[in-house]
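Asks: Chain G is fixed; fit chains E and F onto it per the hints.
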Amino acid sequence: MPHLVILYSSNLESRTDVSALCRRLADTMLAQRDEGGRAVFPAGGTRVFAYPAPHFAISDGGAAGRVAGGDGDYGFAYLNLRMGRGRSEAVQQGVGGALMAVAKAHFEPLMTAMHLGVTLQIDVGSEVFDAKYSTLHPLFNKTDNKVD
Amino acid sequence: MPHLVILYSSNLESRTDVSALCRRLADTMLAQRDEGGRAVFPAGGTRVFAYPAPHFAISDGGAAGRVAGGDGDYGFAYLNLRMGRGRSEAVQQGVGGALMAVAKAHFEPLMTAMHLGVTLQIDVGSEVFDAKYSTLHPLFNKTDNKVD
Amino acid sequence: MPHLVILYSSNLESRTDVSALCRRLADTMLAQRDEGGRAVFPAGGTRVFAYPAPHFAISDGGAAGRVAGGDGDYGFAYLNLRMGRGRSEAVQQGVGGALMAVAKAHFEPLMTAMHLGVTLQIDVGSEVFDAKYSTLHPLFNKTDNKVD
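Chains as they are written, first to last, in my numbering: chain G, 17 to 164; chain E, 17 to 164; chain F, 17 to 164.
What the hints contain is simulated information worked out from the structure, not anything from laboratory work. It cannot be assumed that every hint is accurate.
Each pair may be met inside one copy or between any two copies, as identical chains are not told apart.
Below, a list of computed lysine to aspartate or glutamate pairs in the EDC-like style, where the Cα atoms sit at most 16 Å apart [said to hold, decoys possible]: (1) Lys120 to Asp146; (2) Lys120 to Glu51; (3) Lys148 to Glu124; (4) Lys120 to Asp50.
Here chain G stands alone, though its shape is the one from the complex:
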């Protein structure tokens, strides 16, 4: 942990660089610091996965958008961060705000070009089992904090 999964309508695929968005979001997660100045997230466990949905339906399908003068082509991107337990509410809100700022900056040019919804939610995992196997985590173990 953490991981951030982006689900989005595939009509956004040709309109915006989702790989660049993933990178910026990952960098933002890595830059987060808690009240004591420690990294919020372990570098070796930080990942962003983005999936365009080949099939999707959004809202009324375009009717209201056309009435409003658009072409009725709606888009949606849903960003869901799952993080481990044990972080303060201030940290959670800080992370959310920082990630949402990145998402806003990224999607802002599209907002006037189409009717687009972007939602970010953070969940705290309540897993009953958690195991890792990694040659990635050890690259960072010296500097990572303990909370995952």
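Replies: Frame of chain G, contents of chains E and F only:
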């Protein structure tokens, strides 16, 4: 919110029109009303994403299906609705029943053609952070209810 | 239930046989037994879906990997099992351990070829609505246990 995510085995892709299913499910969500006659879901936040899984494994992989006279080609579709907190159990059950009726009608022709499982689950989100950025929601803000 | 969803960076797609991994994980789920010797999971509801992420960002993007002598091409696979309520902690841990052993054996050859992270988490569903429609479950109903 709400969003409905469909994960399904990719062997269903050529057998059924998943985009049409997404549209019907979205329309069904938009048609839901609570005890007071208000829309259960905000139109601007209602979306359905469907993802065929390029790799999958189902049940015993076909052995029991072949014994039963089928070709051992199993299919599965998992529908997961995530909605916000604050709705009554009656509303939750009503939404689930309405969506399942759509799924049943959609998949019914396939049920005899192959061994197919369809499951619908509804989760109530317990997110610790929730933010929106949208030119889609404002199209509907006059008529949407407040719960998201 | 149960279902196991694998999200992974698409740079793993050409390096490992994910369909084979899905099959081994499903077989492992089907082989699980509880304290009373009964099958932990119903055969008809057991499925694994795997999704390569066409866009992704992992950790620092490669810098530390290159410093360590690698090519900076990181990979990540996240395995998430969702199971129903009502199973003991011993069963949950046993299932997790068995699945992680499969994942370790599968990814072990890749671990030295690249910097790779594999994480497995198990969640117990807290769904408020659950419905099934299936010609798959009845193939197994005689031998399946009742918990789903």
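Asks: When Cα atoms must be at most 16 Å apart, do Lys120 and Asp50 count as within-copy, between-copy, both, or neither?
Replies: neither (23 Å within a copy, 33 Å between copies)
Asks: Is the C-alpha distance from Lys148 to Glu124 at most 16 Å within one copy, between copies, in both cases, or in neither?
Replies: Cα proximity of Lys148 and Glu124: across copies only (12 Å, versus 37 Å in one copy).
Asks: At most 16 Å between CA atoms: does that hold for Lys120 and Glu51 within a copy, between copies, both, or neither?
Replies: Neither. Shortest intra-copy (25 Å) and inter-copy (36 Å) distances fail the 16 Å Cα cut-off.
Asks: From the Cα coordinates, with 16 Å as the cut-off, is the pair Lys120 and Asp146 best called within, between, both, or neither?
Replies: Between copies only: 14 Å across chains, 32 Å inside a chain, cut-off 16 Å.
Violation of the numbered hints given earlier is confined to hints 2, 4; the remaining hints are satisfied by the structure.
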